[in-house]
Amino acid sequence: MFDLTLEQVDQDGALLDAVEGAFGRSRAEFLSKALVTGGVLLGVLALPRRARSQEDDMSILNFDLAFEYLQATFYTEAEQLGTVDAMTAEQALWARTLGSHERAHVKIIKSVLGKAAVKRPAFNFGGATETPESFTKTAVAMEDLTVSLLIGQANRIKSLDLVAALFTLITTEARHATWARRIEGFTPIGKAFDDPMTFAQVDKVIASTNFIDSKLKTVAEGDPRFTG
Amino acid sequence: MRGTVLVIVLLAIGSVAGAAVAFDFDKPPLRPASRSGALLPEPVEPAFTPGRPRPLANRGFLFHWASVRQRVSARTIPTEDAPTVGYLQTMTPEGTTNVVSVLKRDTASDGDLWVKVRLAALPNGTTGWVPRDALGGYGTVRTQLIVDLDGMTARLLRNGRTIFKADVGVGTSAYPTPTGTFYIRNKLRRYSSPFYGPLAFGTSARSEVLTDWPAGGFVGIHGTNQPELIPGPISHGCIRLSNADILELGRLMPVGTSVTIK
Numbered sequence: 001m002f003d004l005t006l007e008q009v010d011q012d013g014a015l016l017d018a019v020e021g022a023f024g025r026s027r028a029e030f031l032s033k034a035l036v037t038g039g040v041l042l043g044v045l046a047l048p049r050r051a052r053s054q055e056d057d058m059s060i061l062n063f064d065l066a067f068e069y070l071q072a073t074f075y076t077e078a079e080q081l082g083t084v085d086a087m088t089a090e091q092a093l094w095a096r097t098l099g100s101h102e103r104a105h106v107k108i109i110k111s112v113l114g115k116a117a118v119k120r121p122a123f124n125f126g127g128a129t130e131t132p133e134s135f136t137k138t139a140v141a142m143e144d145l146t147v148s149l150l151i152g153q154a155n156r157i158k159s160l161d162l163v164a165a166l167f168t169l170i171t172t173e174a175r176h177a178t179w180a181r182r183i184e185g186f187t188p189i190g191k192a193f194d195d196p197m198t199f200a201q202v203d204k205v206i207a208s209t210n211f212i213d214s215k216l217k218t219v220a221e222g223d224p225r226f227t228g
Numbered sequence: 229m230r231g232t233v234l235v236i237v238l239l240a241i242g243s244v245a246g247a248a249v250a251f252d253f254d255k256p257p258l259r260p261a262s263r264s265g266a267l268l269p270e271p272v273e274p275a276f277t278p279g280r281p282r283p284l285a286n287r288g289f290l291f292h293w294a295s296v297r298q299r300v301s302a303r304t305i306p307t308e309d310a311p312t313v314g315y316l317q318t319m320t321p322e323g324t325t326n327v328v329s330v331l332k333r334d335t336a337s338d339g340d341l342w343v344k345v346r347l348a349a350l351p352n353g354t355t356g357w358v359p360r361d362a363l364g365g366y367g368t369v370r371t372q373l374i375v376d377l378d379g380m381t382a383r384l385l386r387n388g389r390t391i392f393k394a395d396v397g398v399g400t401s402a403y404p405t406p407t408g409t410f411y412i413r414n415k416l417r418r419y420s421s422p423f424y425g426p427l428a429f430g431t432s433a434r435s436e437v438l439t440d441w442p443a444g445g446f447v448g449i450h451g452t453n454q455p456e457l458i459p460g461p462i463s464h465g466c467i468r469l470s471n472a473d474i475l476e477l478g479r480l481m482p483v484g485t486s487v488t489i490k
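Chains as they are written, first to last, in this note's numbering: chain A, 1 to 228; chain B, 229 to 490.
Derived by calculation from the structure, the hints in this document are not laboratory data.
As the structure is a computational prediction, the values presented were derived from the model and not from experiment.
Incorrect hints may appear among the rest.
Stated by the list, open to error - Taking CB as the label site, the calculated pair distances span:
1. A:Lys-107 with B:Arg-389: 21 to 31 Å
2. A:Lys-158 with B:Arg-389: 20 to 30 Å
3. A:Ala-200 with B:Pro-283: 33 to 43 Å
4. A:Gly-185 with B:Arg-417: 27 to 37 Å
As the list claims (entries may be wrong) - To give an idea of the chain B side of the interface with chain A (calculated C-beta under 7 Å), a few residues:
5. Thr-325
6. Tyr-419
7. Ala-428
8. Cys-466
Claimed, not checked - Think about it this way: if two alpha-carbon atoms lie no more than 30 Å apart in a straight line, the pair counts; the simulated BS3-like pairs of lysine-lysine are:
9. A:Lys-107 with A:Lys-217
10. A:Lys-119 with A:Lys-191
11. A:Lys-215 with A:Lys-119
12. A:Lys-115 with A:Lys-191
13. B:Lys-415 with A:Lys-115
14. B:Lys-332 with A:Lys-217
15. B:Lys-415 with A:Lys-110
16. B:Lys-332 with B:Lys-415
17. B:Lys-490 with A:Lys-215
18. B:Lys-393 with B:Lys-490
19. B:Lys-344 with B:Lys-415
20. B:Lys-415 with A:Lys-119
21. B:Lys-332 with A:Lys-215
22. B:Lys-344 with A:Lys-217
For each residue, glycine too, the CB sits at the ideal point set by N, CA and C.
Hey, can you work out the whole structure from these sequences and the hints?
This is how it looks when you write it as structure tokens:
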């Protein structure tokens, strides 16, 4: 079994810093030592066992969709909470541009999947969207992760026209990653080549952030006891 | 020398002929890539292309809410030393996840994030600060319910525009419906009591008179088995709608919706 630690995927410590800001130092220390456990995004997919083992094109696309939901919600929330308004003009342009791109990605993948599209999970960014510092740091880690996810699956898709479409996303996400790194003051290109990552590896990283929230129960069936 | 040239010419002709025979006409057509004559396949048409990116819609009618993830004290100012104004539970008396309306956020001097929330507590209108990590993820709604007690009507707005309007029953003078700004906490359905009609919303508003009512005297918005009494001052503080209207409201009004009673 491949054991993945947060440090292996968080080259610049961006994600760890963001998690530290969001959850406190003890949380970050725990994460830096612990093996990262997974199952969150794959759990969201809730695919039948057979479909998941086949890892067909649609299940790959659905995982992409779950990840695009995560990204789109992340940027949208930062904008809606006013965090982006508190950034410099250059940073705000970057954040708004990436947010609009990620929402466009969600829209098109959802339309391609139609009824097979997974539903948007609940997210809890735990403060990572609420200050410009934690937001930009998390964005760097998230964009790098997206590139690794996409290149990790490009050669597993059978349909050639879907591969072609995926490459239009890969190049865009790679530019997002470069722009995010520049905004944060990191080296724009981390390494000579990007490492591909499997679903399980990406899933473990997402699990380490606690960004996937548990489902809320807002509807009940007991007799009301309101004043009437 | 002449023989060598002949062999080369024959080999060249043979290889061109062989290439022509081996050419697969099912493959994408080739096109010249440069003046040198090299041939490359046409690019594959992508299965999809994302549409034009769009900026976010305006935030003018956006309301935030959050779930309560751990029992926590709400304080007057964003610091652990400040006086407590109330406590937040993780669940409501109805067994749903407790949610609070989010009003404001602040970063304390030690860097911790705090959130100002509206409490479902007496006196109505109580607000307090809780640490960010006591709450779950943020939810957003663009809906606002406005209840006019004098006119005995309810209007639901989405993005500031009325999308629903109905006559309502409101509290009597002895058991008045409280006024102020509240929010929708939960939705109840498939219960057995016909008194509440087919659907009931729980709000953060509480009766200021029926303080010993079971489960805390929360004000609901619900249907009825006495539709002939609507509109009118008929309730113990709840807002009653006809069953058709409450079902329509159930389709349009999400949990977290802001409620203004005036």
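Given Ala-428 (chain B) as an interface hint, is the shortest Cβ-Cβ distance to chain A below 7 Å?
4 Å, holds
Pairwise hint evaluation, Lys-415 (chain B) against Lys-344 (chain B), where the allowed Cα distance is 30 Å at most:
Satisfied, since the Cα-Cα distance of roughly 24 Å is no more than 30 Å.
Check the following: the C-beta atoms of Lys-158 (chain A) and Arg-389 (chain B) are separated by a distance inside 20 to 30 Å.
With a Cβ separation near 47 Å, Lys-158 (chain A) and Arg-389 (chain B) fall outside 20 to 30 Å, so the hint is violated.
Given Tyr-419 (chain B) as an interface hint, is the shortest Cβ-Cβ distance to chain A below 7 Å?
Cβ of Tyr-419 (chain B) sits 5 Å from chain A, so the hint holds.
Next pair to validate is Lys-332 (chain B) with Lys-217 (chain A); report whether the Cα-Cα distance is within 30 Å.
Status holds; Cα separation ~24 Å.
Pair hint Lys-344 (chain B) and Lys-217 (chain A), alpha-carbon separation not exceeding 30 Å
Holds. Lys-344 (chain B) to Lys-217 (chain A) sits at ~23 Å (cutoff 30 Å).
Below or equal to 30 Å on CA atoms is what counts here, so check Lys-107 (chain A) against Lys-217 (chain A).
27 Å, holds
If you draw a straight line from the CA of Lys-332 (chain B) to the CA of Lys-415 (chain B), is it 30 Å or shorter?
25 Å, holds
Quick one, are Lys-490 (chain B) and Lys-215 (chain A) close enough, alpha carbons at most 30 Å?
Between Lys-490 (chain B) and Lys-215 (chain A) the Cα gap is close to 34 Å, so the pair fails against 30 Å, i.e. violated.
Should the interface hint for Thr-325 (chain B) be scored as holding, given a Cβ-Cβ cut-off of 7 Å against chain A?
Holds, about 4 Å.
Is the straight-line distance between the alpha-carbon of Lys-119 (chain A) and that of Lys-191 (chain A) 30 Å or less?
35 Å, violated
Verify the proposed pairing of Lys-393 (chain B) with Lys-490 (chain B), using a straight-line Cα cut of 30 Å.
16 Å, holds
Taken one by one, the earlier hints fail for this structure at numbers 2, 4, 10, 12 and 17, listed in ascending order.
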